[in-house]
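Novice: Under my numbering, the sequence shown is numbered contiguously, ending at residue 333.
Note that these hints are calculated values from the structure, not bench results. None of the values given here were measured: they were computed from a predicted structure. All C-beta atoms, glycine included, are put in the ideal place defined by N, C-alpha and C. Warning: the hint list may mix true and false statements.
Unchecked claim - No more than 25 Å apart at the CA atoms, straight line, and that leaves these computed lysine-lysine pairs for DSS-like: (1) LYS56 x LYS87; (2) LYS182 x LYS208; (3) LYS315 x LYS278; (4) LYS145 x LYS56; (5) LYS145 x LYS87; (6) LYS87 x LYS182; (7) LYS208 x LYS278; (8) LYS278 x LYS312.
To be verified - For each label pair, taking beta carbons as the anchor points, the in silico distance ranges come out as: (9) ASN88 x ALA233: 37 to 45 Å; (10) ALA140 x ASP298: 15 to 23 Å; (11) ASP175 x ALA122: 35 to 43 Å.
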Amino acid sequence: MADLTPVNADGDMLVIAHRGASGERPEHTLASYERAIDQGADYIEPDLVVTKDLVLVARHENEIGETTNVADHPEFADRRRTKNIEGQMVNGWFAEDFTLAELQTLRAKERMPALRPANARFDGLYAIPTFADIIALKRAKEAETGRRIGLYPELKHPTWLLQESGIDTVDLLVRQLKEEGLDGADSDVFVQVFDIAPLQRLDKMIDAPLILLIRPEGGPYDEPGMTWAGIMTPTGLAEVATYADGIGPWMGHVLGDDGTPTDLVRDAHAAGLKVHPWTVRKENVFLPASLRSDASENGIGDIRGLVKLLKAAGVDGYFTDDPGLVRAD
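Use the sequences and the hints to build the structure in full.
Specialist: Here it is in structure tokens:
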């Protein structure tokens with residue numbers, strides 16, 4: 005691999021393909037990841053959940069009814085249930101209640117069909133990939149393209165899964181990264197989590213850079229005494245820097261409603277942290293009012309204008325559903 009061009013060799017902001025090219029294909033499918041790679045994304049981002057037989061697979065949430073055709077499988081009707089996930093009651097089917105073999109009988113579907121009807125044309129075509137499948141795709145595309153392709157996995161609900169099911173996804177991820185030789189500081193891997201303790205554990209187990217994700221409001225599930233607002237102060241960011249290498253904040257923490265940068269990037273950089281906000285999307289509903297094309301939710305707005313605002317704010321990279329539209333910037 006030494007002859008491959010490094011990720012983001014030109015030194016610009018990292019383009020992180022959010023669940024792949026999810027603006028064009030159903031998210032978290034090999035087709036979505038491959039399209040993102042072909043469009044020049046520096047990293048592809050799989051959200052990782054876990055099966056009953058302890059295999060890491062890519063889904064937006066552990067509830068899979070929203071993103072698969074499991075509801076069309078009568079043999080799984082009795083698996084539907086309600087779970088309290090981090091304080092929210094969720095009804096559906098959950099990855100941790102299925103073996104990998106069972107999940108492999110399902111097919112992915114578009115999560116936002118009303119907003120992205122073109123993506124729904126691909127419903128039923130793609131299987132649920134394992135993390136191993138995604139690593140294999142990364143390596144195949146590196147061999148094909150001659151460039152290095154980064155992985156940016158997110159562990160979904162690791163504290164909750166450990167508490168409720170006794171499943172340690174931190175350990176599962178570390179074991180797999182080490183087996184694949186992807187646990188080093190130079191392995192083109194970021195690991196991201198919304199919880200504090202899993203990142204602190206990971207900091208002691210692997211050398212790959214770690215990212216604390218930050219929601220719009222509230223605080224970390226595993227630290228009820230903390231708030232995101234407190235974490236984003238200079239003192240809070242200095243504490244984050246003792247166990248993580250960067251933050252992945254909600255876009256609104258980086259840019260005000262009028263596009264003016266907040267102090268977050270400056271304060272994070274002062275603490276030695278990278279800043280990778282989420283999520284750059286093309287549809288009007290996701291864009292600031294000044295960048296929308298019209299009043300429709302699914303109209304295509306000025307996504308590159310948003311990238312320019314992020315560049316002016318000094319971010320180090322950003323998550324996007326549409327790497328093909330922003331790569332030139």
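Novice: When you check the alpha-carbon spacing of LYS145 and LYS56, does it fall within 25 Å?
Specialist: violated (30 Å)
Novice: Against the 25 Å threshold, does the CA-CA distance of LYS145 and LYS87 hold or violate the hint?
Specialist: Roughly 38 Å between the alpha carbons, so the hint for LYS145 and LYS87 is violated.
Novice: Has the given pair, LYS208 with LYS278, been kept, meaning a C-alpha gap of at most 25 Å?
Specialist: Measuring from Cα to Cα gives roughly 19 Å; hence the hint holds.
Novice: Mind checking the alpha carbons of LYS315 and LYS278 for me, to see if they're no more than 25 Å apart?
Specialist: Within the cut-off at roughly 13 Å; holds.
Novice: Given the hinted pair LYS182 and LYS208, is their Cα-Cα distance within 25 Å?
Specialist: holds (13 Å)
Novice: Regarding ALA140 and ASP298, is the given constraint of 15 to 23 Å on their beta-carbon distance met?
Specialist: Violated, since ALA140 and ASP298 (Cβ atoms, about 42 Å apart) do not stay within the stated range.
Novice: Would the hint linking LYS278 and LYS312 be met if the CA-CA limit is 25 Å?
Specialist: Measuring from Cα to Cα gives roughly 18 Å; hence the hint holds.
Novice: For the pair we were handed, LYS87 and LYS182, check the Cα-Cα distance against 25 Å.
Specialist: At roughly 32 Å apart (the allowed maximum being 25 Å), LYS182 and LYS87 break the hint.
Novice: Is the hinted pair LYS56 and LYS87 satisfied, with a Cα-Cα distance of at most 25 Å?
Specialist: holds (16 Å)
Novice: Taking 37 to 45 Å as the hint, is the beta-carbon distance of ASN88 and ALA233 inside that range?
Specialist: violated (25 Å)
Novice: Would you say the C-beta atoms of ASP175 and ALA122 sit inside 35 to 43 Å of each other?
Specialist: holds (40 Å)
In summary, the structure is inconsistent with hints 4, 5, 6, 9 and 10 from the numbered list given earlier, while agreeing with the others.
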